[in-house]
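Student: Sequence:
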Amino acid sequence: MRWKAIVILVFVAVSLMGQNTLQINGINEAEFVYRTAADSLNTYFSNEFGFNLAYREFNFGMKFIADLPKYSNEQTELMDEISPGSLSVEWEELYAGFARDEFSVHVGTTEETFGNGIVFRSYKDMEFDEDHRLQSVLMRYDGKLKLKGIYGAINSDTVVNRYDLAFGADAEYPLFTGLRMGASAMAFRNLSPINTYLYRDVAAGRMQYSNAFLEGFAEYAYSKQYKANDISLGHAAFISADYFWDVLLLGAAYKNYRGFDYRLNDIPLGNYHGETLSDALASGQDEEGWQLRAAYTLLDNYYLNMDYAEAWDSSGDKRMNDLYLGVDMTFASGGYQLAWSQIEKVDDGIKAWQKEYYPTVSGDISIFSFPLHLKAEFKTVEKRRFEKESSHYEPQMQADFVLDKLSVSLGLQSWWADFDSIMDSKYNPNIEIKYPLFSHSDLLVFAGKEQGGKVCRNGVCKFVAPFEGIKVELSSRF
Numbered sequence: 001m002r003w004k005a006i007v008i009l010v011f012v013a014v015s016l017m018g019q020n021t022l023q024i025n026g027i028n029e030a031e032f033v034y035r036t037a038a039d040s041l042n043t044y045f046s047n048e049f050g051f052n053l054a055y056r057e058f059n060f061g062m063k064f065i066a067d068l069p070k071y072s073n074e075q076t077e078l079m080d081e082i083s084p085g086s087l088s089v090e091w092e093e094l095y096a097g098f099a100r101d102e103f104s105v106h107v108g109t110t111e112e113t114f115g116n117g118i119v120f121r122s123y124k125d126m127e128f129d130e131d132h133r134l135q136s137v138l139m140r141y142d143g144k145l146k147l148k149g150i151y152g153a154i155n156s157d158t159v160v161n162r163y164d165l166a167f168g169a170d171a172e173y174p175l176f177t178g179l180r181m182g183a184s185a186m187a188f189r190n191l192s193p194i195n196t197y198l199y200r201d202v203a204a205g206r207m208q209y210s211n212a213f214l215e216g217f218a219e220y221a222y223s224k225q226y227k228a229n230d231i232s233l234g235h236a237a238f239i240s241a242d243y244f245w246d247v248l249l250l251g252a253a254y255k256n257y258r259g260f261d262y263r264l265n266d267i268p269l270g271n272y273h274g275e276t277l278s279d280a281l282a283s284g285q286d287e288e289g290w291q292l293r294a295a296y297t298l299l300d301n302y303y304l305n306m307d308y309a310e311a312w313d314s315s316g317d318k319r320m321n322d323l324y325l326g327v328d329m330t331f332a333s334g335g336y337q338l339a340w341s342q343i344e345k346v347d348d349g350i351k352a353w354q355k356e357y358y359p360t361v362s363g364d365i366s367i368f369s370f371p372l373h374l375k376a377e378f379k380t381v382e383k384r385r386f387e388k389e390s391s392h393y394e395p396q397m398q399a400d401f402v403l404d405k406l407s408v409s410l411g412l413q414s415w416w417a418d419f420d421s422i423m424d425s426k427y428n429p430n431i432e433i434k435y436p437l438f439s440h441s442d443l444l445v446f447a448g449k450e451q452g453g454k455v456c457r458n459g460v461c462k463f464v465a466p467f468e469g470i471k472v473e474l475s476s477r478f
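In terms of the numbering used here, the sequence shown opens at residue 1 and continues consecutively.
No wet-lab data here; the hints were simulated from the structure. Incorrect hints may appear among the rest.
[Said to hold, decoys possible] The calculated DSBU-like cross-link candidates involving lysine-lysine, where the alpha carbons are at most 30 Å apart (straight line), are:
1. Lys351 to Lys405
2. Lys388 to Lys355
3. Lys70 to Lys351
4. Lys148 to Lys227
5. Lys405 to Lys355
6. Lys426 to Lys405
7. Lys144 to Lys227
8. Lys379 to Lys355
9. Lys351 to Lys375
10. Lys144 to Lys70
11. Lys462 to Lys124
12. Lys124 to Lys449
[Stated by the list, open to error] Computed Cβ-Cβ distance ranges for the label pairs, DEER-style:
13. Asp279 to Asn52: 35 to 41 Å
14. Gly453 to Thr113: 23 to 29 Å
15. Lys454 to Ala183: 33 to 39 Å
16. Leu374 to Tyr222: 33 to 39 Å
For glycine and all other residues, C-beta sits at the position ideal for the given N, C-alpha and C.
Make a model of the complete structure from these sequences and hints.
Tutor: Dropping the structure here:
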């Protein structure tokens, strides 16, 4: 694309102007994967090398990515036979920027959010390995009145080697101390499978208030999607508020979404566990719900936390509820946590019901001056579809500790159909070690099996896909 050539030319020109005054930082991440699966290749390697250069008011960045071949987070996508399209070596990210006083401009790969992300968010989803970042021109003014304007393109997810367009503006202004008002307007031109464009225009207003006792946010957005005489309307409303009174916190939220699901936005789900209304329904398509939360500090040693939410669709066929109860305890001997999580989903249209609940016990203890973090969780899943019922258990245990510079996480997950089959059940042991090779380089090795989902190991929490095998990652920063 033409903008790539412009970025490279500007980078070369500035580099020649003053090598001694350039500030350079970057990162290189290499990953080797050996997967135990019915896969023709089994082994994968990738490397990402990115850097940023700053010179006076200018900055430039690039990232080189090699997928040999690309490893998919979707575990059902087994590679029966390697193909030329599986291998890629390219500059995937290029950007340049200029900033002076309150004004700045950014050209190239862009990550940006308007407001709370309901109307527009350009981002990379690490959980599902999906890239929703625009290649764009972004202009920003950060005075008392904050202004943003963006015009860009993104690869179409329906037609190969074609692009969708997105452009719009955002403004925010403080009316008085603690209160900010904002407005956004966006236009999207999305390519359909028949190689014609669908038009979507979105307008929104929002307010945000904050003082020592109260924090609140409210946003309403209106959407119009059309082509010829085919018009589809949608809206999104989200309200959230938290009140602080000494050791007590009270909060509530309300959401209402209709026909408001599209690629370049990220709507709040309004529940503790970030659950969708239905596994078969896109968030924002048809959903209404509320959330209540409370937290209380007792005797400086106990922190009580409660969060409950419900949601439903317009017909009332799809419903869900989400509950979290937690107690954090802090003593001289260490910290401990007791928690209960519960998620229930109903779909009367297909006569389906699912409920999962799991108590969790965790603690930071010291055994003969040896610090150790322990966690145990016992998850129960119950399902019913039409008249067929089933249930199973997914217990797991984890121990994290540090030996000098070496961080170690040991895990054991299992899957039981019933208690009579404990000895014959699936067991997934795993180990992850992290070691700083140098002052700016970390080596991470994972070996074993894991069922997938949210995991927290060695101080980092992330969502992972089901996996069996070995992963080796080397991250170097400069």
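Student: So, for every hint listed, does it hold in this structure?
Tutor: Okay, the hints, checked on the actual structure:
no., hint, in the structure
1, Lys351 to Lys405, "violated, 53 Å"
2, Lys388 to Lys355, "holds, 14 Å"
3, Lys70 to Lys351, "violated, 39 Å"
4, Lys148 to Lys227, "holds, 28 Å"
5, Lys405 to Lys355, "violated, 42 Å"
6, Lys426 to Lys405, "violated, 33 Å"
7, Lys144 to Lys227, "violated, 39 Å"
8, Lys379 to Lys355, "holds, 10 Å"
9, Lys351 to Lys375, "violated, 36 Å"
10, Lys144 to Lys70, "violated, 45 Å"
11, Lys462 to Lys124, "holds, 14 Å"
12, Lys124 to Lys449, "holds, 26 Å"
13, Asp279 to Asn52: 35 to 41 Å, "holds, 39 Å"
14, Gly453 to Thr113: 23 to 29 Å, "holds, 26 Å"
15, Lys454 to Ala183: 33 to 39 Å, "holds, 35 Å"
16, Leu374 to Tyr222: 33 to 39 Å, "violated, 50 Å"
Going down the numbered hints, you'll see the structure goes against 1, 3, 5, 6, 7, 9, 10, 16, while the others check out.
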